[in-house]
Amino acid sequence: MTEVDEIVARYRGDESALIQILLDIQREYYWLPKEALLELSERLEVPLNRIYHIATFYKAFSLTPRGRHQVMVCMGTACYIRGAPQLLDKVEEILKLKPGETSSDMRFTLTTVNCLGCCALGPVVVVDGEYHGRLAPAKVGQFLEACD
Amino acid sequence: MARIKSPSDLVKLRRKILGKRDPNKPCITICSGTGCQAYASEKVVAAFVDEIKRQGLEKEVDIRRTGCHGFCEKGPLTVIYPEEICYLQVEPKDVPEIVSQTVVENKIIDRLIYTDPLTNERIIHESEIPFYKNQSRLIFGNNRRIDPRSIEDYIALGGYSAVAKALFEMTPEQIIETVKRSGLRGRGGAGFPTGLKWEFCRNAPGDSKYVIINCDEGDPGAYMDRSLFEGNPHSVLEGALIGAYAIGAREGYIYVRQEYPIAVENVAIAIEQAKNYGLLGADILGSGFDFDIYMHRGGGAFVSGEETALIAALEGRVGEPRQRPPYPATSGLWDKPTNINNVETWANVPFIINNGAEWYSALGTEKSKGTKIFSLVGKVNNTGLIEVPMGITLREIVYNIGGGIRGGKKFKAVQTGGPSGGCIPESLIDLPIDFEKLTEVGSMMGSGGMIVMDEDTCMVDVARYFLSFLSEESCGKCTPCREGLKHMLAVLNRIIEGNGREGDIELLEELSEVIADASLCALGGTAPNPVLTTLKYFRDEYEAHIKERRCPAKSCKPLVTYYIQPDKCQACLICLRNCPVDAIYGDKGLVHWIDQEKCIKCGICLDVCPPRFNAVVKLSGEPVPAPVPEKKVMRKKVGR
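Keeping their order, the protein sequence lines are chains A and B.
When the letters of the first sequence are read in order and numbered with this note's numbering, they come out as residues 41 to 188.
When the letters of the second sequence are read in order and numbered with this note's numbering, they come out as residues 572 to 1211.
These are computed hints drawn from the structure, not numbers from a lab.
As a list, the in silico EDC-like pairs of lysine to aspartate or glutamate whose alpha-carbon atoms are at most 16 Å apart:
{"hint": "1", "chain 1": "A", "residue 1": "K99", "chain 2": "B", "residue 2": "E1043"}
{"hint": "2", "chain 1": "B", "residue 1": "K751", "chain 2": "B", "residue 2": "E929"}
{"hint": "3", "chain 1": "B", "residue 1": "K1128", "chain 2": "B", "residue 2": "E1168"}
{"hint": "4", "chain 1": "B", "residue 1": "K1172", "chain 2": "A", "residue 2": "E133"}
Bear in mind the structure is a predicted one, so any value in this text is a computation, not a measurement.
Looking at chain A on its own, in the form it has when it is part of the complex (with noise of 0.2 Å):
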């Protein structure tokens, strides 16, 4: 795989970097394919169960493929008491997917993040990185069924 080899070689190939090197294989690929860590492991000379320590701690990492479309809901607790447990119940129930899952014909995958930081705009779906904000519940069908 030359771009792990690629980005390897952007740090070096420094172990202590090791996080690094995961954000942007994670990056390139939108989740961590395991040959990928397993070559990670044998140029760095890191042992494989370090790795997969790592890559099953931080919420940034994916273990499986992840969908066309990213769904992600902003469970923040300004979000979550303006009535984001709600709009995600919606979502889950159109999607019929548990955050974390992707769905079978890999079209979409939902995720919760603990906060956006965009407040104001509680509760907020983020649907590939658009940001849909002071959402109900009946209003966020739309948005998910103009995705292909």
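On the provided structure of chain A, position chain B as indicated by the hints.
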């Protein structure tokens, strides 16, 4: 750009930058903080660029994308200088009018300016809006004056003069003494005296030492560090440079959450620019002092903000905390003496060096000096970031700055200190806010999140929310935190589901005590706080859930039922058509009713029932009246 080789070079450069700038030249500034960008402020910027070009005004008008102004409620914000005309909620379609009317003809567009909801007064200038007028924007105030990607903008405002003063006019000991006398305390949560922390690190044996900027802002509902770092990155770097010189560190690290992409980008640009000017790297300003700084992105784990966990992550290991002592001041990154301060703490330092310890310590209360940035969010009218002197009361914050509670609802509590903090009830609304007072009432300063709650917020559910957050974020290394939080959460879940038992409250208190005493780090040590403070001030709500199966705020789904009041229903079919599970029966002319067996309690019927009918209500702890099937609607002409 040429390297700045001495303090006088810096002064010359500032004069040169200012000499090229005409303070009377119109400048359109657009807030480009994350909040405004979520409102699509980038499209507004693009529209201004196009319009200025279209009208051939490129030479007469400047456009500047600034850092976060703080008034996120009304974004995207646009301020037009030199008059400081402030337009709110600007959309691309407003842009041609703003340029031709306001920029060219100096006329105010009434619909875009702030109208005080209480007095109906129309306010043109940004600084006169009550949200801003009642603040003391010392650290955060420059965000709106500069483009965070322009070091020249920062230097024009006197930026890096504090470093020049520190390097050439002060000894490291004098700097530490000044910071100590200023009374500055860490803004990251614990409130440890900053000068003392620096002194520990300076006095620790060892040649290589490190400083770290902590921007792992994990508290949900708090975003002041991000806005400060992305809006004015040089002020934070300047503070860290001064700290490094005082401590004797030649290298520093920045730990920033990867969820903050704009901060990552702006800080990377700032480092590059500072290097090019010789403000980072070897022989800074010709002083002989060398300092380099590197950025590390965090992978998203709440516990990683804890200093020993953060150090582990910087070393490429999992960000789990370890036992202290040894403290990082003696054995931190790579086992070398290390000083970690939070973004806001570092940003205070240049002000203290420039203005002196006495000037700084005149602000605030006896033991908490200076100002504090809070993120005021939740059920308040003016959501945003505010900077106020320590000692201000909650009432002033919620009502004078925050504009009161949304939708005219009743204020219930303010949650401060993030997941480790607590809820402060209405009876304590005149509490002056500082480190001591917040701790006294069972909460804490934390990083400065302030979540306002109203009568519709269930305090048991709030406690459960934080417990579920912490139990998920617990790294699992020590048993009291890992297992204890899980058990507390299970108890809270059953209370909310209406299965609470006699003795559950006492069980929660007992678990809290053990977890607080026996956990390895502050995450577990403070985790019971949300439960303890809600028990202290809202015990009746717990009891109502357990004894009466009733949620007083009518918010806990399992304890709530929806009911259509037959005398108010106008048989408009709206709720019936919107019900996702066809649980509503009725017809044109026939009163609607809900089949409670089928109802999933999604609340959509309540949302869609026209406010002028107001027929759908929530009930809790009382029996649902039996439906009256086939009842004809007695149609009244409503509102006429």
